Amino acid sequence: MNRQLLLGAEAVAQGALDAGISGVYAYPGTPSTEITEYIQRSKHSRESGVRSSWSTNEKTAYEAALGMSYAGKRSLVCMKHVGLNVAADPFINSAITGVNGGLVLAVADDPSMHSSQNEQDSRVYGRFAMVPVLEPASQQELYDAMFHAFDLSEAVRLPVVVRMTTRLSHSRSGIDRRTPLGQNPLKAEYAPERFVLMPHNARVQYRHLLDLQPMLEELSESSFLNETVEGGGAVGVIAFGIGCNYVMEARRDHGIDCRVLKIGQYPLPRRQVNELFDACSTVLVVEEGYPVYEELFRGYFGSAKIRGRMDGALPRAGELTTDLVAAALGVKLTGTAAVPGIVVNRPPELCKGCGHRDMFEAINLVIREHADHHVFSDIGCYTLGALPPHNAIHTCVDMGASITMAKGAADAGLRPAVSVIGDSTFAHSGMTGLLDAVNDHSPLTVIIGDNATTAMTGGQHSSASGSKLVDLCRGIGVEAEHIRIIVPLKTHLAENVAVLREEFDYDGVSVVIAQRECVESAAKKKRRAAATGQ
Amino acid sequence: MQKNIILAGVGGQGILSIAAVVDQAALKEGLNIRQAEVHGMSQRGGAVQSHLRISDREIFADLIALGNADLILSVEPLEALRYLPWLAPGGRVVTSLDPFVNMPGYPTMEEIMSELGKTERPVLVHAAELAREAGSARASNMVMLGAGAPFTGIEQGRLEEAIGALFGAKGQEVVDINIRAFRKGLQLSNI
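So the sequences go chain by chain: Y and C.
Sequential numbering from 1 applies to the first sequence in our numbering.
Sequential numbering from 1 applies to the second sequence in our numbering.
Here chain Y stands alone, though its shape is the one from the complex:
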């Protein structure tokens, strides 16, 4: 088959399709979004009926994927690293139940926080759940690893994690494809002793998971993702995932002859690790993410033999580069040109003509009439409201936290308590918080910027917008007269200010929905219409 140029995320998608998945479940999140988008666009997936529409959040996605696996089919579930916090409950427990059809979790971490609020390392979750984790180092490896991941998942009857990071997910390379596999037949079996996690079953299942561990270690020892690159010298390197790429690059560029153990499958292959530590007097640990295994190797009392992120050989935080790894291997780097002093930062901004701009203008006019003008916000394009010229929001913590934090602050006595959240984020994790506020009669105004899409990640379908959003708020128990709809446009400013003022002053739960289509989606529709000649 012809070589195809694919992003790492797309290689995961193509690999999963070719490995015979029957469905993908996901909520958009950079840098994982392109996996599901690729499957949605794929002709193959349409023809073979691979289910692929967006889930409301990562937890619902994971559970649905587990259900598909229960029914005997192969399923893929994708998310960004912080999404796994949302899906942590089903994820950890699915290691206890085990799976039927292959279940693969593709999770994309974001070291250096290019588009995230932290750089947590999903490998920790893998250890926590005690399931196999694969960490391929190239796009081709990602593709190949998907076949391996599904086979492994079915062989050991556990979910398998495929971890990647931003640089691999968002980098393209040529991919050689394999012959695609067909889908599994529907085969749901009654196995309440595995799937009903009442304590008497869970204890047995947990024991089984513990007993599996030595076998998982053996499987790692024979995995194509773990290999030793021979070399001489007293210094050896153990390099994980794409960390290995930087090691290999530095090794070639600077003519360093060192032994390298490349790790791409966990739990660690004990035999190879022991060999490396026996052969070398110093071991540099190169991990793209937290020093998870470095810490393990050092142990509580430390080891003088080990170098890495924890002793400053490599920086404790942020992405690795060839230069950082070369320096850690003792290369004296020559200086390069500096960035000229005139180069100012160019932060991202809301698009010209975006409705959120007008929403923030109205909010600012009303909230600044108050001595306390805190605005609790959330995760989406409107987070850019924190930057000039808006300077309109004061918090952004996790999906849905705008409503619940505003509620807590209202309970503490803060007035007005204002939350700004998007339609997709509201559906993801805002609804439950709104129910808390209604049940508690917390005086709170929730402003939903409804642009009818998940805009920040590139315009994916939103689980709830338009009239569905109104119905949801009504159903949760917000009084009809305090669900107000405004149109965030310059021409509506006076009217919008009046509505916000009334609702900020209301001593109860109110929702103001600022309804206007995302300018990017509108432009995309227009381009599509022009292309089809309508």
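Just so you know, the hints here were simulated from the structure itself, not pulled from any lab data.
One or more hints might be untrue.
[Said to hold, decoys possible] Where chain C lies over chain Y, by a calculated footprint (3+ residues, C-beta under 8 angstroms): (1) 253–262; (2) 324–338; (3) 345–352.
A quick note: this is a predicted structure, and the numbers were derived from the prediction, not measured.
From the three backbone atoms N, C-alpha and C, an ideal C-beta is built for every residue, glycine too.
Place chain C on chain Y using the hints.
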């Protein structure tokens, strides 16, 4: 053969189309490719860059090491300067001279020109003007690709073929405009 190229610009300016053309051409040449790009928050009018690496031997890293870029190809003059630490000794800067000002403190063109002038024989391009001459201001990224083409290690025909493939779905006229734009840029660098 190995080329390390940094593509630079502002989110929405079309550097990924430049990357797509070079990628396709390199793929046709049977070369190995790694091309890292920026998705997500920065795409909203922020500084964006793509590390594009093509080689006839194995490429390990998706990112270019500092001081290793053979070419900085920028569709915006200030953005060209942002990546100077990556420029290799003897590497070239090819940049558009059309400023995109969407933040306070943007320096004067004189200041920018003075910094660009410190690099080795920079290729400075009035991209928007040449694109308009070619038939559409939107083709200024292809003008820039043309201007950078001689430094990519890929021959003109291959790149034009890839431009045809990229814009083919939009009709022959769009292809022609983009090829004309590409050639206008190429002329500047070939003198």
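Structure-based check of each hint:
no.	hint	result
1	253–262	violated (count 1)
2	324–338	holds (count 6)
3	345–352	holds (count 7)
When the structure is compared with the earlier hints, a violation turns up for hint 1 alone.
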